[in-house]
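Colleague: Given next are the chains, with one letter for each unit.
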Amino acid sequence: VSHPSRDDLTAYALGALDPGEETAVAGHAEGCERCEAELRHLAPAVGVLAESVEQHQPPPELRERLLSIVRAEAAEVEDAAVPRKRGEQWRFGLGGLLLRPAAGLAALAVGAAAVGGYLVAEDGGAEPATTIELGSTLPGASGTIEVEGDTATMHVRGMPALSKGAVYQVWVAEGDSLTPSAAFVPHPDGSATAAVPELPGGASEVLVTREPAPGRTKPTMPSLLEVQVEPS
Amino acid sequence: LTRAELQRLADEDLMPLIAAKDATAFEVFYDRHGGAAYSLAYRIVGDRQAAEDVTQEALISIWRSGARFDRARGSVRGWTLGIVRNRAIDLLRRDSGRAPKLAFDSEEILERRPSEKLTDVEALKRETAREVRGAMSGLPEDQSKVIQLAFFGGFSHSEIAKMLNEPLGTIKGRMRLGMEKIRAALAEGAFEA
Numbered sequence: 006v007s008h009p010s011r012d013d014l015t016a017y018a019l020g021a022l023d024p025g026e027e028t029a030v031a032g033h034a035e036g037c038e039r040c041e042a043e044l045r046h047l048a049p050a051v052g053v054l055a056e057s058v059e060q061h062q063p064p065p066e067l068r069e070r071l072l073s074i075v076r077a078e079a080a081e082v083e084d085a086a087v088p089r090k091r092g093e094q095w096r097f098g099l100g101g102l103l104l105r106p107a108a109g110l111a112a113l114a115v116g117a118a119a120v121g122g123y124l125v126a127e128d129g130g131a132e133p134a135t136t137i138e139l140g141s142t143l144p145g146a147s148g149t150i151e152v153e154g155d156t157a158t159m160h161v162r163g164m165p166a167l168s169k170g171a172v173y174q175v176w177v178a179e180g181d182s183l184t185p186s187a188a189f190v191p192h193p194d195g196s197a198t199a200a201v202p203e204l205p206g207g208a209s210e211v212l213v214t215r216e217p218a219p220g221r222t223k224p225t226m227p228s229l230l231e232v233q234v235e236p237s
Numbered sequence: 025l026t027r028a029e030l031q032r033l034a035d036e037d038l039m040p041l042i043a044a045k046d047a048t049a050f051e052v053f054y055d056r057h058g059g060a061a062y063s064l065a066y067r068i069v070g071d072r073q074a075a076e077d078v079t080q081e082a083l084i085s086i087w088r089s090g091a092r093f094d095r096a097r098g099s100v101r102g103w104t105l106g107i108v109r110n111r112a113i114d115l116l117r118r119d120s121g122r123a124p125k126l127a128f129d130s131e132e133i134l135e136r137r138p139s140e141k142l143t144d145v146e147a148l149k150r151e152t153a154r155e156v157r158g159a160m161s162g163l164p165e166d167q168s169k170v171i172q173l174a175f176f177g178g179f180s181h182s183e184i185a186k187m188l189n190e191p192l193g194t195i196k197g198r199m200r201l202g203m204e205k206i207r208a209a210l211a212e213g214a215f216e217a
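Here the protein sequences come in this chain order: A and B. According to the numbering used here, the first sequence is numbered sequentially starting from 6. According to the numbering used here, the second sequence is numbered sequentially starting from 25.
Hints are computed from structural coordinates only; laboratory data are not their basis. Hints should not be assumed to be uniformly reliable.
As the list claims (entries may be wrong) - List of simulated lysine to aspartate or glutamate pairs, EDC-like, C-alpha gap at most 20 Å:
1) B:186 <-> A:84
2) B:205 <-> B:165
3) A:169 <-> B:36
Said to hold, decoys possible - Computed footprint of chain B on chain A; a stretch qualifies when at least three of its residues, placed anywhere within it, have a C-beta under 8 Å from a C-beta of chain B:
4) 39-51
5) 182-191
6) 208-214
Each residue gets a CB set at the ideal place from its N, CA and C atoms; glycine is no exception.
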């Protein structure tokens with residue numbers, strides 16, 4: 006493997022490479038332990054530059070403006086939340102979408118659309134496939150679960166990259182119990198597919214959290230994607 | 025969590041709460057880093073209104089994508105200031121009438137900027153070396169100059185080589201030596217990180 010020179014890694018850390026070079030170094034450094042270590046070594050020096058400037062008090066209006074945007078957007082997320090029936094800490098409480106057998110789909114599609122989701126039924130088959138959109142708190146991330154007969158598959162897009170060792174964990178709630186299902190690490194483009202075999206068996210809710218490591222038995226972080234399901 | 029509890033959290037533990045859209049967690053984050061963010065933006069763009077715009081844009085992007093912070097790659101503050109720096113440089117590049125504030129007599133150098141960046145030199149806000157503190161003051165001038173042109177001016181190493189009329193390899197070497205000196209001084213506790 007040919008690594009970028011230390012000169013080029015330094016220029017990269019300073020944001021001083023030409024665009025083509027920058028893309029090449031970024032592409033190489035991602036996942037190259039040696040170059041990542043070198044960049045981590047340089048990071049505090051770049052931080053010193055950023056801190057070396059004369060300090061000015063930002064105008065109070067800037068704080069007010071920022072916080073009013075932030076509070077308004079936080080309130081929007083809260084408004085979309087479903088009342089927390091169980092009150093568990095892990096539950097972020099996005100808009101609930103119902104997934105029912107094919108017979109109920111026509112009526113449900115209206116209600117689901119009101120909270121931003123959609124339901125699709127394929128008519129005519131003995132075992133219609135149903136696609137349901139996941140509610141998301143991650144900007145740019147979205148996902149669906151496709152249920153066909155006794156299989157269920159989650160497809161996600163736009164998931165942020167994870168730090169080393171971390172996973173996205175799928176959880177399935179049934180009544181008051183919550184069990185871990187698949188764990189996944191998205192592709193570099195942010196997409197992933199995971200089987201959720203527990204879903205067709207009577208689950209009431211599916212959610213996804215980011216966990217620092219696989220194998221957790223309880224979520225340690227708030228839910229990022231979720232959907233409520235009405236068992237068939 | 026209450027505000028008092030949030031204030032006791034480390035930056036790294038605030039970020040997941042910001043990703044989960046906790047407005048109070050963001051407020052605590054702003055109170056910790058907003059001043060440094062604004063000061064850096066002001067240093068680069070040299071104008072209060074533009075510095076406010078850059079800071080707002082950068083911090084809102086963090087609010088909307090706080091989940092992207094990767095603790096394996098450094099501190100929240102370093103990550104935040106990196107985003108502010110990039111936004112400020114983007115503004116410099118977008119706005120061809122704006123010239124970077126540099127801490128040395130830069131008029132002659134900036135006249136030799138690549139043609140797409142040739143701007144009204146009269147608009148240049150020059151700074152004297154008195155503003156530069158700590159990190160840069162211990163460096164030889166030739167190293168300090170290339171680092172400033174890159175970090176605060178947003179110029180690439182090949183642009184700097186043209187502006188200074190020096191071989192690219194010389195510029196790269198000065199950058200690396202200068203940064204290594206800052207890193208070494210940091211390891212010796214010469215200034216706070």
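Colleague: Decide, hint by hint, whether the structure agrees.
Modeller: Do the hints match the structure? See the list:
Of the supplied pair hints, the one linking residue 186 (chain B) and residue 84 (chain A) is violated, its CA atoms being roughly 55 Å apart against a limit of 20 Å. Between residue 205 (chain B) and residue 165 (chain B), the direct Cα distance comes to roughly 13 Å. Compliance with the 20 Å bound is thereby established for this hinted pair. Our distance criterion of 20 Å between C-alpha atoms is met by residue 169 (chain A) and residue 36 (chain B), whose separation comes to about 15 Å. Given a C-beta distance limit of less than 8 Å, the hint that chain B covers the region 39-51 of chain A holds, as 9 residues qualify and 3 suffice.
Proximity of the region 182-191 of chain A to chain B, defined as three or more residues with a beta carbon under 8 Å from a beta carbon of that chain, is not established by the 0 residues found. Residues of the region 208-214 of chain A with a Cβ under 8 Å from some Cβ of chain B number 0, which does not satisfy the need for three, so the listed coverage is violated.
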